[in-house]
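Colleague: These protein sequence lines are chains F and S, in that order. For the first sequence, the tail end lands on 556 under our numbering, and the numbers increase by one without skipping. For the second sequence, the tail end lands on 556 under our numbering, and the numbers increase by one without skipping.
The hints are simulated quantities; they were obtained by calculation from the structure and are not laboratory data. Source: prediction; values computed, not measured. It is possible that some hints are incorrect.
Treat identical chains as interchangeable: a pair holds within one or across any two.
[Said to hold, decoys possible] Once the Cα atoms are required to be at most 25 angstroms apart in a straight line, the calculated DMTMM-like pairs of lysine to aspartate or glutamate come out as:
id: 1; residue 1: LYS375; residue 2: GLU442
id: 2; residue 1: LYS545; residue 2: GLU409
id: 3; residue 1: LYS488; residue 2: GLU476
id: 4; residue 1: LYS388; residue 2: GLU493
id: 5; residue 1: LYS375; residue 2: GLU428
Number of protein chains: 2
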Amino acid sequence: MRLHDGGRAPNPRRVRIFLAEKGLALPLVPVDMTKHEHRTESFRALNPYRGIPVLELDDGTAISESVAICRYIEELHPEPPLFGVGALERARVEMWNRRIEFGLYTAVQAVFRHSHPGGAWLEARQVPEWAELNKPRVIEHLSLLDAQLALHPHVAGERYSIADITALVAVDFMRINRTAIPDDLKHLLRWKAAVSARASASA
Amino acid sequence: MRLHDGGRAPNPRRVRIFLAEKGLALPLVPVDMTKHEHRTESFRALNPYRGIPVLELDDGTAISESVAICRYIEELHPEPPLFGVGALERARVEMWNRRIEFGLYTAVQAVFRHSHPGGAWLEARQVPEWAELNKPRVIEHLSLLDAQLALHPHVAGERYSIADITALVAVDFMRINRTAIPDDLKHLLRWKAAVSARASASA
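So here's chain F without its partners, still in its complex pose (with noise of 0.2 angstroms):
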């Protein structure tokens, strides 16, 4: 098993913090986005979508689509549980989750990808008026999470899960974009600083 991996990206980060945590190191396979990679006939044999990480098995078999990584290594290695235990919390986790990424991480990617010059070949043209719009629902998602730590220690609730890497992720992504948080959303420095501080966040 070795993961096609992508460097400073964020779903590649994302796959690598959530094996961290896990305590497993798998063989990378580096894949340089800026040479574009992904987009060789190879690759496209791995994952036709083209994006990064892919997960190949011992026998060929490629899983892409980071959650799909990680809950395929969550079934093979159960602990510690990084999305839920029991129905409910599973339930939970997989709300704050999608909540993280078609919220918080989708507006700082689009901020990202129209309006930085780093972004441009990300896509087919840039619409800067796309990444306007998007970078007042940067700081409304930032206080919905806000008040949601405001009442738990992790996003999803008691414990530490795949929510809490995925927001860390989106939160550290708006840096590309020199967004910070803003100075009243305590709850959310708190959390910052704690997941920030976890081995696996260097991963």
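Given chain F's structure and the hints, the job is docking chain S onto it.
Modeller: Only chain S this time, still in chain F's reference frame:
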């Protein structure tokens, strides 16, 4: 347990199809989005992210995000399995469900929200250029799906799954944009006829 439902919108339909495939009938609480009923204070107490549908448990616990609701239902009612059986099949269902959501579904939604008069109220303002950028993506994602359906009867492989439900909802959502499946995508057309003929499709 009851479902706060949203009529014709695609995500509420996704959960209703899922329930129909499970042979379950839940009490539905209608939420009229066109009257902004999902933005009232009482609805925000159920879901601060304001999306529908929301599953409300008997003790008042609220689960939102369609796929989180479906996973919770799957845990309570495992048959027939709609998230796959075994680690690898479950990973494939997750992978394909996400490919459809972040690919086809998101592109169709962007076209609707940013170019259709009926989508204007869902956004702070419409960005027609963003809709234009997404129109060719819809066709690209239909082709990727056709290629998968050339090899397998269903979106995630041999078994009908939530990935088929998400894909059907996305394809039917195209109608409002007057986008049709191109005639040469025979496998996609064959699949669409088959999944549309299931009793659940009218849910």
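Colleague: Each hint should be assessed against the structure and marked as holding or not.
Modeller: Here is what the structure says about each hint:
| no. | hint | in the structure |
| --- | --- | --- |
| 1 | LYS375 <-> GLU442 | both (19 angstroms within a copy, 22 angstroms between copies) |
| 2 | LYS545 <-> GLU409 | neither (32 angstroms within a copy, 30 angstroms between copies) |
| 3 | LYS488 <-> GLU476 | both (18 angstroms within a copy, 13 angstroms between copies) |
| 4 | LYS388 <-> GLU493 | between (35 angstroms within a copy, 23 angstroms between copies) |
| 5 | LYS375 <-> GLU428 | both (12 angstroms within a copy, 24 angstroms between copies) |
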